[in-house]
Every structure is written in C-alpha cells, then in structure tokens.
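Asks: Here are the chains, one letter per residue:
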Amino acid sequence: MSLLPPTDLETITKRLNRPPNPVEEGCFLNLWSEHCSYRSSAKHLRTFPTESDRVIIGPGDDAAIVRLKGDLVLAIGMESHNHPSYVDPYNGAATGVGGIVRDILSMGTRPIALMDLLYFGMPDQPKNLYLFEHVVEGIAGYGNCIGVPVVRGETFFHDAYSGNPLVNVVCVGLAHEENIVTATAQRAGDALILMGSTTGRDGLGGASFASRDLSEDSEAEDRSSVQIGDPFTEKLVIEAVLEAIESGYVLACRDLGAAGLVGASAEMGAKGNLGLHIDLDRVPLRESEMTPYEILIAESQERMVLEVDPSDAESVLAIAEKYDLNCSVIGEFTDDGQYLVEFEGGVVVDLPINFLSGGAPARKSEHEIQEVGVAEEKIPEIRDDLATSVLKLMASPNIAPKEWVYRQYDHEVQIRTVVKPGDDSGVLRIEGASGIFGIALSCGCNPAHITLDPYNGAAGSVLENAMNLACKGARPIAIVNCLNFGDPEDSTIYRQFAESVRGIGDMAQTLSVPVVGGNVSFYNESDEFGTAIPPTPSIGMVGIVEERGTQTQTSSHAHTHTHQIPGTRFADAGDTIILVGATADELGGSEYHSIYGCSGGRVPAPPADPQRLIGTVIGAIDTGCVTSAHDISNGGIAVALSEMAREGNIGATIDLTGIGDWDLPHHATLFSESHGRVILATPAPDAVLGRLRDIPHRTIGTVGGDELIIGIGGDRVVALPLRRIRDAGEEITRMMR
Amino acid sequence: MTFAVIRFGGSNCDLDVYHVLNDVLGAPTDLVWYKDPVGEYDGIVIPGGFSYGDYLRAGAIAARTPIMNSVKQFASVGKPVLGICNGFQILVESGLLSGALSTNEYPKFCCKWVDLRIEKTDTTFTSKFKKGEVVRMPIAHKEGNFFADSDTLKSMNLHQRVAFRYVDSEGDATASANPNGSVENIAGVVNKTGNVLGMMPHPERASESVLGGDDGFRIFESMVEYADRL
Chain A
1281 MSLLPPTDLE
1291 TITKRLNRPP
1301 NPVEEGCFLN
1311 LWSEHCSYRS
1321 SAKHLRTFPT
1331 ESDRVIIGPG
1341 DDAAIVRLKG
1351 DLVLAIGMES
1361 HNHPSYVDPY
1371 NGAATGVGGI
1381 VRDILSMGTR
1391 PIALMDLLYF
1401 GMPDQPKNLY
1411 LFEHVVEGIA
1421 GYGNCIGVPV
1431 VRGETFFHDA
1441 YSGNPLVNVV
1451 CVGLAHEENI
1461 VTATAQRAGD
1471 ALILMGSTTG
1481 RDGLGGASFA
1491 SRDLSEDSEA
1501 EDRSSVQIGD
1511 PFTEKLVIEA
1521 VLEAIESGYV
1531 LACRDLGAAG
1541 LVGASAEMGA
1551 KGNLGLHIDL
1561 DRVPLRESEM
1571 TPYEILIAES
1581 QERMVLEVDP
1591 SDAESVLAIA
1601 EKYDLNCSVI
1611 GEFTDDGQYL
1621 VEFEGGVVVD
1631 LPINFLSGGA
1641 PARKSEHEIQ
1651 EVGVAEEKIP
1661 EIRDDLATSV
1671 LKLMASPNIA
1681 PKEWVYRQYD
1691 HEVQIRTVVK
1701 PGDDSGVLRI
1711 EGASGIFGIA
1721 LSCGCNPAHI
1731 TLDPYNGAAG
1741 SVLENAMNLA
1751 CKGARPIAIV
1761 NCLNFGDPED
1771 STIYRQFAES
1781 VRGIGDMAQT
1791 LSVPVVGGNV
1801 SFYNESDEFG
1811 TAIPPTPSIG
1821 MVGIVEERGT
1831 QTQTSSHAHT
1841 HTHQIPGTRF
1851 ADAGDTIILV
1861 GATADELGGS
1871 EYHSIYGCSG
1881 GRVPAPPADP
1891 QRLIGTVIGA
1901 IDTGCVTSAH
1911 DISNGGIAVA
1921 LSEMAREGNI
1931 GATIDLTGIG
1941 DWDLPHHATL
1951 FSESHGRVIL
1961 ATPAPDAVLG
1971 RLRDIPHRTI
1981 GTVGGDELII
1991 GIGGDRVVAL
2001 PLRRIRDAGE
2011 EITRMMR
Chain B
10 MTFAVIRFGG
20 SNCDLDVYHV
30 LNDVLGAPTD
40 LVWYKDPVGE
50 YDGIVIPGGF
60 SYGDYLRAGA
70 IAARTPIMNS
80 VKQFASVGKP
90 VLGICNGFQI
100 LVESGLLSGA
110 LSTNEYPKFC
120 CKWVDLRIEK
130 TDTTFTSKFK
140 KGEVVRMPIA
150 HKEGNFFADS
160 DTLKSMNLHQ
170 RVAFRYVDSE
180 GDATASANPN
190 GSVENIAGVV
200 NKTGNVLGMM
210 PHPERASESV
220 LGGDDGFRIF
230 ESMVEYADRL
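Sequence lines, in order, name chains A and B.
My numbering applies: residue 1281 is where the first sequence begins, and numbers increase by one.
My numbering applies: residue 10 is where the second sequence begins, and numbers increase by one.
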C-alpha cells in the first residue's frame, strides 16, 4: 500500500505514464510534504512584502541576503524544530540549531548570532520542566560548541503547548558580497560533492514526520525520526565550506536538511533547470546494508552538497581532508532535466527534476474567513491589591528573568556582543561597515493576543519587535518568521493562520520592512492532551544601529569605541522618566488576564502611525542623552518600570495621573499592554522632550531611592521595595535548582 | 616579533584572540593549524573552544596531538604560553600545568562576567596588574571546576602558582563568588617559572571597552612586553 495520498499518486502516475517505484514514492512522500513544499500556505505567504533596496536574495533560498553596507552583507534565516524537540528534547533542539546554522553557511556567510524562541507548557508540570531543561541544554550544547553566540531569546509558557512545545531558531551570518553562493545549480558538467558526516539511518523521513500530529506513542515510535547532532563535525564543516567558498571553488551550495540528499540535490538542480545524475555507491555510509531509499532521504546531520567545476574537485577534497571530513564526488549536473539515481549498477530513480521538486499541486484548503467580533470580557473577582498583582506578574514564568536560560548559552564568543541577553534587543558591533556601529536583533510574538485577535495580535508582534530595536536606536531592515499552527484543515486554525499572515504583512508594509524568509510548521497538535497549540507566528527582526557622532575614546588603546546604547535598567538617581505612546483599555490577552484566569476583552491594536513613532524614539535616542529605554510589553507599564528598577538596582517615584482616558481604571493603567509604548530615562529631559513633540508622551517621574512608588490621581497605588521585586522574579531559577 | 594562535579542530576563540593580538594590540600574529609545523614565534596562545568536541574529556585529545610536543619544547626555554578556557584544559591535560578541571559544581554551562583578584604580578602575563587588584572578565565553560589534591595545593600556594581567584566585588574569595566550585576559588594558575599561564576566564572578550570592559587586555600587553624583552 502506498503512503502517498491517493490524489498525489494519481498525479504522479499520470505524469510519468507509470506508477512510481518504491524508492521514487519515498522521494515524493518527503519532497511533497507540507514541510518541504508549503502546499497549504504558499498562496498566503505570497502576500508578504519581500523587497527593499537592501534585499539581495529574498525568500526561497536556504536563507535571505540583505545588504548591510558597501559589500558587507547579512544572511538571515529562521526555522522550527518542534516535533523532534518533543520526542527527544536534547537532540531535537540541538539539531534545530545545526540545521539553521548550515542554512546560513550554505549562502557563503559565517554564522555570527543565534536567537532561540521557546514556547512550552507551564513549567509547574514536571514533564514540561523536563522538556524545557533539556531543550535549553541541547541548544547550549550545540551552539556553544560551534562557537555561535545566542544573543537574544524568547520564552512563553501556556498549557496548550504541553504536548507540543515549539523550538524556533533564528540565525544571522556575515560575509562579503563576492562570497555569496546560492542553491541554484549553475552548469551542466559540474561535479556534485557531498561533504561532512557519513550517512546513517538517523532521521529517516523527518520531513513527512514533521507534517503530522504527535501521538501519545510518539516518544517510542518516532525516535528514529530524530537526528542526532555532532556539533564538533558541524564546526569543521563550517570552516571547510567557508574555506572552499573563499577559495572560489564553490558555484552553488546547499545543506542537507529535510528530505536529506534527495531534498537538497533535487532542489539545487531544479532551481538551475539542470538535471542531476547521482551515484549512490559513492556516498560515504555509517551503517551497512542501507537501501537506496534510506541513503536518499536519511536526515543525518552535518552534511553539505557543493557544485564544483570538475577541475577544482581535487582541491575541495583536499580542504575536507585538512579538516578530517568525509568528502566525495557523488554526481554530475546534466542538461537533460532528469533526476537520475544509480545504485549498485541499476537505476533506482528516474524522474523529471522539476516535477519532483516544485511539482506538488497546491492544497485547496479554502475556508471562508469570517469576521470574529471582540470576545466578551469575563473577569472573576480579584481581591489582590495592585502591589500584589505587580509581584504576581513579576513572578509569572512569562515575565520572570530568564537568566537561568541564557547563562547556559555562550553569548560572548566571536566578541561582537555589546548588548547581552536579558535586554530588549541583542546588539552586535560590526567592524568594517563605515557609518554603521552594528546590528540589533529581536524576536518573539504574543500568542495570547494572537489567539483572541490574530490580525492585531500578529501585527502588534511585528511592531513590538520594531520597538525593541528602536530602544537601542536601531532601524529594522528585515523580518523572518516561523508560522507555527495546528492542523490547517480546521477552519478556525486556518483563519488564525490567514489572519496572522495578513497582520504580519500589513505591519511589515507599514514599517517598510521586507519579510525575507521563514518557515511554516502546521499540525502542532497533541493526541495526548487533545490540544492544538495557540497560533504562534513567531517573528525574528534585524535592525541597523547607525554610528553616532558622540563617540569618545575612553580607553588607553586606539581601537576601542564606546557608543552610548541605552540599557533597560535605570542608571542614575535624578534621571527624568518619560512615558512615550498612548495607553488604552486593552487588557485582552494580557498577562494580567492570564494570571487571574480572565478571558476575552479588547486586544491591543497597533497605533495609527507606528512608522513615525519608531522614527521619533530613535531620534530621541540619537540625542545621546537617553540613559535607559525599555519597551512596554507583557504586564504593561507597572512591569516595565519594575524591570527597569530591578535591573538598575535603583528605585523610582512615578505619577501616572492622566495616563489614558479619564475613566481608565487603575489596573488597566498599570497592566494594559497597548502597543507602541516606551519608557525613557534621561538626565537631560529638555533635549529628549524636544525630540518627542510629534507623538504622545508625558513626564511621569524620577529615578532614585530603593522603592518603586507609583501614584495615580493622588493615591499611592504601588509601593514596593526593590528586594521584593527581585525576589518575585527568582521563580524559574528556584524551580531549576 | 610574531605570535601564534594554535587552532585545533573545534577551537572557536581562535579568531577572537587573533583579533585582539593582531588588530587591537598590533602584534603580528599567525593562526597555526595543529597539523602544521610551529615556526619561530615569540609567544603561543591556545585559545578556547571545544577541541575534538570535548569528547573523552575536555582538552584530553588535543593534549595528545604532536603539536603539543612543540609547545612543551617552546615552554621549556622560557617563552610565553597562554591557555585560555579550553586552552587551560589542554595545558592541564598535557602536564604543563598542575591540577585538573572537572565539571562545574552546578553541572551546566555558565557564561557570565566575574570578578577576579590578581594574586601574582611577577609572571609573563600579569606584570601590568597590581597585586590584589580586582578585575572583570567573562567566563564561559562547563568544565572549569579546578581541582588539585591537598599536597599539590599546598605546594602551589607555597610557590605562588595561583594567578587569579574568583572574588566578590570587595575582593574576597567567598563561596558565592565561586562560579564553578573551584578549590580555593582558583581561576588561573602558572607553572614554576611563570611563563605558562592557564585561565578559565576569557581575557580576549574583555579587551575592548565596547564589549563591557578591557581589563583582559593587560594580559596580552604583559605578554608582548615580556616577549619584547626576551
């Protein structure tokens, strides 16, 4: 019996004038999987704005290429590794890092930074805690070993991720433009070289595995679908491939990911409109008696395919030898358009290459997208006073500091990390790009908002990342995303998907930032818990920090630059605190609602002119007078202020009278999550306020003391010693000890 | 005057040390692949990373590669050898330094900035510091828990072979200032003649103030000044 859907089998048989043989069937099963071919989603993804004058290569290759300055370019990619991380958390997460790093490498760029986004079930459940601990360890074990710093992350906990946690990874690479290679094969007659690890039976059928629901028995049954990572080999592959590319030998390059050798090689040929003739007997194997099907689709890690002129093949083999890597010429590009595979003297696959790769018919999962109104707000009686609510929020796993996580990641290696994890954005200095200090990186989305209002929630998530960058004085230049959803055949989930895509696209358009890549992960559901995940279109964003004129040399040696980038922490007593942006009664999907079990309500909608808001905040920071800047997100103003006080180990006295409409209740003033708001602190308020004239803002207080005191309309509504704020945030660390 | 940074398979701080020595300090530096011969150099740095993926034991395999014979030869004539993080582990495994480095007391990788007290200034690498001075550098390791048996420890203290200890901001070597459980808060040690230093903290990550501090730069300055006089 065929594993292929009957309609696919029919399409294939008709096109070939014969039924596919079992090996060919396996190739189709993997290459035509949703994971590889975006059959349900392509129509929506096409609506994203994908171009700007910086974009050199947009979506469709292993990663996007965006110009930084002159001939310096960045590669940016994002991928999910959800299902494997549930079945085998350490290896699933580790190979997720390995895969996206090779995507960046295959463009000819050196990987310079990672961001990890983790969406998990509540950590008070032992199994969730176990999964979380081992996923973090897997990311650390792999990323630290290959020497790519994790500079930013995101963690979000919700019960509905219990049977299906999400592990998404962003990677950024850096190169000179002349070294960029793509996955498009260039010339018939060129050699196809396979470099890296040997091929074993690990990760058999991972692509088709990723495209279905997780069942209760997944752990035992699916273990052979999870790849095992070897970061040491990956590090050698990085050095060897970059050396081969920098020597000018490589004409096209791909990493072996989903659907293994057939996936990578068929796509390379198809993109170049070339055929490919592969001899499987030349693939270095790890196990004996592997079948041609296994060799073609195994997802053994740390492997790359390179297109090389036959006269350069010896030189590339010598580079691999230097790094003790397996390497073999396994095939030749042809001009006959066929994907032809031989094994032990016989032909095992003979297919039109453009049909195998790219021939999957689109799925027609067309649902009416219906308007859904604002869900009625349901709020149980809350007896806590406002100060207690602040402390409960600060203790919530979604808000508490994630130091326990990022301590485990080497975030300093490659010596570019200026703003370290735990901040709104990570900032890396980039040398050699004149006029540019570096890049800023942010990631995340708000699944609670998106569940209630996919359009505004997703648009708001894009804006939130842009505000995180703005707090470092950075302008966004590119967006990547992972669209994690349940089963798209379900009309509610399909609507969430379509509306999220529309929200991301519209906000990207408004901010003039292209969406340059990402992936789609459907079927994130759990039989065990009978749940689908909340809609989770996670976002990664890269921005540029311009060089400012205010540089001073404070150090004894000449190469040191200092560049005033505000931190999230309050810095100095006496600094004036300014709130930027408008506060509305938007508690729908808020963390406040979550901790008190409320439902419904109005989800924050992005403000009318976010472009101007961002420009103005960057302008204020460009004065060089802003000492602290923090985006307001989960938990609202009260949480943002508490975080700034805790990190700076200094208090503040705040008056929020007149924030928002006159009838805004105190708890909404404190905890509403309205978008487009930032708290700034400065010793030179006149200089900063002068820049804020065009947008809503208000001076709300002063830094100092060892308490956070918040008053509204003459009432002192919160008065908390720093110690209590700090203690409240220790939750995750305590759980892990 | 030329310096060498040795690259093993899995070294990952090689380019960082190269940058600090060659570009920031202006001391001509070569990256030397471990299979290549070691030429005439004035100082050798074994950088951090995961040589051989830390398989078997951190530093154990690299310590047994032929190039380490050249390094031992080099050290025996009094020339400077600096091992940072995985480089420290390799120096210990190769017998150039005393003690051992095992898994951190809290057995997870730990990346953070720490305070260090300078215990010794009459070495090749610490002449630019003041004795008792507290400096800041980042650590990033999972196997940095320094151990030596009590006799070795006694002898190391007697002969002043401890270069740095983990301390609090007041300069006290307290338990809470110890990030990995190292015996007596030891963060770095030298050999008998003071020309071989192994340290878990990363001075190359603390050599430019834009990265959060430049105390580590003086390690490289001291080494270059020493090599210059040699």
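I should point out that these hints are in silico values taken from the structure, not numbers from a laboratory.
A few of these clues could be false.
[Stated by the list, open to error] Keeping only pairs whose Cα atoms sit at most 27 Å apart, straight-line, the calculated DSSO-like set for lysine-lysine is:
1. B:K139 <-> A:K1407
2. B:K117 <-> A:K1682
3. B:K117 <-> B:K139
4. A:K1602 <-> B:K201
5. B:K88 <-> B:K139
6. A:K1682 <-> B:K139
7. B:K117 <-> B:K88
8. A:K1602 <-> B:K121
9. B:K140 <-> B:K117
10. B:K201 <-> B:K88
11. A:K1658 <-> A:K1682
Asks: Quick check: which numbered hints come out false for this structure?
Replies: Failing hints, ascending: 1, 3, 4, 6, 7, 8, 9 and 11.
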